[in-house]
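There are 2 protein chains.
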Amino acid sequence: MKIEILAVGSELLTPSFVDTNSLELTRRLNDIGLDVARKTIVGDDIGDIVACVREAVRRAKLLIVMGGLGPTEDDKTREACAAALGRPLLYRPEIYESIRERFLRRGRGDFPPSNAKQAYVIEGADVLANPNGTAPGQRLVEGGCEIVLLPGPPKELLPMFEALVWPRLLERGHGSTGRRVLKITGIGESDVETRIAGLYPPSGPLRLTILSSLGQIELHVAEFSREKDAARFPGLESLATQLRDRLGDFIYSTAGEDLETVVGRLLKARGATLACAESCTGGLLSGRVTSVPGSSAYFKEGFVTYANEAKIRALGVPADVIATHGAVSAEAAAAMAQGARRASGTDFALAVTGIAGPDGGTPEKPVGLVFVALAWEGGIETHRNVYIGRRDQIRFQAAQRALDLLRRRLSRPADT
Amino acid sequence: MKIEILAVGSELLTPSFVDTNSLELTRRLNDIGLDVARKTIVGDDIGDIVACVREAVRRAKLLIVMGGLGPTEDDKTREACAAALGRPLLYRPEIYESIRERFLRRGRGDFPPSNAKQAYVIEGADVLANPNGTAPGQRLVEGGCEIVLLPGPPKELLPMFEALVWPRLLERGHGSTGRRVLKITGIGESDVETRIAGLYPPSGPLRLTILSSLGQIELHVAEFSREKDAARFPGLESLATQLRDRLGDFIYSTAGEDLETVVGRLLKARGATLACAESCTGGLLSGRVTSVPGSSAYFKEGFVTYANEAKIRALGVPADVIATHGAVSAEAAAAMAQGARRASGTDFALAVTGIAGPDGGTPEKPVGLVFVALAWEGGIETHRNVYIGRRDQIRFQAAQRALDLLRRRLSRPADT
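Sequence lines, in order, name chains A and B. Take the first sequence: its position 123, counted from the start at 1, is 123 in the numbering used here, and no numbers get skipped. Take the second sequence: its position 51, counted from the start at 1, is 51 in the numbering used here, and no numbers get skipped.
It is possible that some hints are incorrect.
Label pairs and their calculated CB-CB ranges [to be verified]:
| no. | chain 1 | residue 1 | chain 2 | residue 2 | range |
| --- | --- | --- | --- | --- | --- |
| 1 | A | Glu193 | B | Asn132 | 32 to 40 Å |
| 2 | A | Gly271 | B | Gly107 | 48 to 56 Å |
| 3 | A | Glu309 | B | Asp258 | 26 to 34 Å |
FYI, nobody ran anything at the bench for these hints, they're computed from the structure. Where is the CB? At the ideal position from N, CA and C, for every residue including glycine.
Put together the whole structure using the sequences plus the hints.
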């Protein structure tokens, strides 16, 4: 079944617009084994829209037209579709009344007469109700092509697609898709590629995609089953197991979770508490830990000790450690972690100190140099890293390393 | 001049892909008064690509084809364009040699023979050098249409567009565009709309766009001038002045800066220092302040006092303030700000305490309730706010409010 999407609107051809609608529609179609063959984006010129509709109707079995159904001068999808198919537009007073009522109910003042154009329906089309806006959708058949017209705003389009378009497509789909996202940190993309070499499935129902972003890598596994609404995806399970064998504890989640969520769950499971001491990350690490709902159960306190005096006073970092080794040193990181743990009385404390740049680097201590430390009852560990990138990228990677240090320690079965 | 973009690649029709290439190309074209009339995204089916090229060549004066020039089986743009135009592909040994050399220089092992296909050029086409990858681009003319083939990866495509396509388009453009971004906080979108009513320019060279996001609103002003490389945009200046008159100190930047950057500049100009005490924002506020390069000049310390014991010990919040009014109260916020200022010895201190949710709300203190305080030598101010949204949205808005409180105080001419 050949499917095409036609997105209408001159704003879609300007640089500030990202078309999220068709990403979402494509995902839902792919899930049941339907592919989008072509996507066209066209401006508000009625001649251009007419041409696009005419061409697409000749090629496609399903054409989804999005946008251009509103009340303004620029909204020409209704008129263009009618012209492309050589059908009249019919005025439907009951639609006019429902738009008018909706408008007046919201107390927005006088009802603009321009809204009347939204009450016109292409001859032979069914009306698709829009519970979140004024412009209704339409559905009609021309030759061998089903045409669906939907309004452009995502909060109107997506619920309408789910409720009125999707259920009918389910019957025409070929099956269902299972998905699994493995998240990895502490290893580079090329090392991951080397480790999983030979596991890429040949083209077929099972797919493996690697997505690399800052400080983490995602492996997306998807399996398509010809069974509609399949309960099991054996190829996906087997591939996920092999990936786990190859990547071991570099994998921090097999369910697509954030690193901070995983760390939070591990802390909670032990009934353990955490404090953070930060210099170069400036609050980002505590901010990530506390972004998780319910984190107050384990996170007690963060010390953003940017100034050296704060490191000394709040964390008890000895002044001579800073004088001898510098504030960016393994010794300072260790003292910060131990001081944070002591001051807050927590089971664990993480510390980060480094040079996030763009200024402040020296030949011995370049921009990107970061020391990370973890203190617990049994001891202390520190790690030296040099990250590449902009200030925000260095900061994110430093926080990521700190969280991963804690994850690895919490994942050990025996000792703390 | 009718311009079309054709993006080739089945991956572009999957949900994980966002087409940033054409956003950037569109921006550059718009800047000189050239509009994109149509954008088409097509998969790797050679018949579909041939059809797209044939149709577009009939309509457009310039067709930019992106992607599908690589060495793999899926890369069919070269073959499809040749077929669509009825021209042969000619083998160019010098291209083969340069691809081979580039490959071997990078020490990636044996040269895969599949790379040979990248050495074929459509008859009559000029070769466009690709300094950042193997696949060269091509440029040719068919009838009245210029066709440019560019590789898909942004880091290859964008530099080639800038160096080889853009300079020639400049001559065919109609002028240049000036842009200004005003950033606003502390007022809702509908209030902004009411205040600027009547200032929207009629359709013409001057454009005003409102973009609303979490806790802030952007007004984008753009003026197109028929003069190429115009130095002045008088309509833009005049509209920006009127917008400033209407919106006053709700505007925190007329140069598109972040609120934390503006606050940092104001602190630096005074030689003043800052500390932050945070509960519900959990480090986000300090994290935003320290995201600005050079912030160590004014930011001294952050206290992420999540637990009540931390508020009492680190900030000296009186235990009976918490017992009487609760940790989420104007009294607690004020005590936190004063305590942070006292402990860190800074000129200013901001404090935030609230309920970010999703749990922890009560009828008297619902999720989204946030108290923000600012302490300075002359005194203290506190504000109560109730934000709507998810946990991350409530936290961002709370930090935004705190930063704006400081911005407003620092913007006063006379007292501190």
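Hint check:
1. Glu193/A with Asn132/B: 32 to 40 Å: 20 Å, violated
2. Gly271/A with Gly107/B: 48 to 56 Å: 52 Å, holds
3. Glu309/A with Asp258/B: 26 to 34 Å: 27 Å, holds
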